[in-house]
Amino acid sequence: MSTAGPSAAAPHTVPRLVIAAPASGSGKTTVATGLIAAYAGRGLTVSPHKVGPDYIDPGYHALAAGRPGRNLDAYLCGPERIAPLFLHGAAGADLAVVEGVMGLYDGAAGQGELASTAQVAKVLRAPVVLVVDASSQSRSVAALVHGFASWDPEVRLAGVILNKLGSERHEELLREALDESGVPVLGALRRSPDAGTPSRHLGLVPAAERRAGAVASVA
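Residues in the sequence shown are numbered from 0 upward in steps of one, following numbering that gives the first Met the number 0.
No lab work stands behind these hints: they were computed from the structure.
Computed from a predicted structure; not experimentally measured.
By construction, the Cβ of each residue, glycine as well, lies at the ideal position given by its N, Cα and C atoms.
Hints may contain errors.
[To be verified] Distance ranges between label pairs, derived from CB positions:
{"hint": "1", "residue 1": "Gly65", "residue 2": "Ser134", "range": "26 to 36 angstroms"}
{"hint": "2", "residue 1": "Arg189", "residue 2": "Gln110", "range": "31 to 41 angstroms"}
{"hint": "3", "residue 1": "Glu167", "residue 2": "Cys76", "range": "42 to 52 angstroms"}
{"hint": "4", "residue 1": "Gly181", "residue 2": "Pro14", "range": "15 to 25 angstroms"}
{"hint": "5", "residue 1": "Gly65", "residue 2": "Ala142", "range": "39 to 49 angstroms"}
{"hint": "6", "residue 1": "Pro14", "residue 2": "Arg80", "range": "17 to 27 angstroms"}
{"hint": "7", "residue 1": "Leu113", "residue 2": "His87", "range": "18 to 28 angstroms"}
{"hint": "8", "residue 1": "Pro183", "residue 2": "Glu153", "range": "16 to 26 angstroms"}
{"hint": "9", "residue 1": "Ser191", "residue 2": "Gly65", "range": "21 to 31 angstroms"}
{"hint": "10", "residue 1": "Gly165", "residue 2": "Leu75", "range": "38 to 48 angstroms"}
{"hint": "11", "residue 1": "Gly186", "residue 2": "Leu43", "range": "16 to 26 angstroms"}
{"hint": "12", "residue 1": "Asp193", "residue 2": "Gly77", "range": "39 to 49 angstroms"}
{"hint": "13", "residue 1": "Gly40", "residue 2": "Pro126", "range": "29 to 39 angstroms"}
Let the sequences and hints guide you as you build the complete structure.
What follows is the structure, encoded as structure tokens:
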């Protein structure tokens, strides 16, 4: 599962993390945009990035960061271009937040890890934070996280953010289960009708079409 190419050996001096998930709809965009807004609110210059060609999510990233969101698409550009594109986009930033696409290991159909979030994370040598929709799970979440953490040893899973929790007790059960996995819980978010972003058949509703709501969601 190794990612070959000169980019894998390139120096990366910008602090960075990748926000990934087991599947689409887990809350990657909500968490990534929230982190970008939180860092920017502390006076840091944040460089936002999105794995793949998606132009909608970067619109929310840009609102939160106050600078353009940039794509990292290994399918269109080739894996060897990911590091240079990242460094160019992150020039002058204090840190970078990279939002993944689909599930962590999902790439171009029939082409292995190509264009997956995992591949980009390995090329950038970036730690991965896994956002897990735990709304219908308790102890099983540990098996899920263990699988993602162990599938590819070159992917560095730094921790988990538990999303869509039902109660304090639910959170306690999940944390107890994950203690056995050895993967730290970095945060937990409750279910909320105000959280998340409206979607339709092609994905999220673009920020430009709901600017007032989009601005409020990242404030």
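Status of the hints after comparison with the structure:
| no. | hint | result |
| --- | --- | --- |
| 1 | Gly65 <-> Ser134: 26 to 36 angstroms | holds (32 angstroms) |
| 2 | Arg189 <-> Gln110: 31 to 41 angstroms | holds (38 angstroms) |
| 3 | Glu167 <-> Cys76: 42 to 52 angstroms | holds (45 angstroms) |
| 4 | Gly181 <-> Pro14: 15 to 25 angstroms | holds (24 angstroms) |
| 5 | Gly65 <-> Ala142: 39 to 49 angstroms | holds (40 angstroms) |
| 6 | Pro14 <-> Arg80: 17 to 27 angstroms | holds (21 angstroms) |
| 7 | Leu113 <-> His87: 18 to 28 angstroms | holds (22 angstroms) |
| 8 | Pro183 <-> Glu153: 16 to 26 angstroms | holds (20 angstroms) |
| 9 | Ser191 <-> Gly65: 21 to 31 angstroms | holds (25 angstroms) |
| 10 | Gly165 <-> Leu75: 38 to 48 angstroms | holds (40 angstroms) |
| 11 | Gly186 <-> Leu43: 16 to 26 angstroms | holds (18 angstroms) |
| 12 | Asp193 <-> Gly77: 39 to 49 angstroms | holds (40 angstroms) |
| 13 | Gly40 <-> Pro126: 29 to 39 angstroms | violated (22 angstroms) |
Violated hints amount to a single one, hint 13; each of the other numbered hints is respected by the structure.
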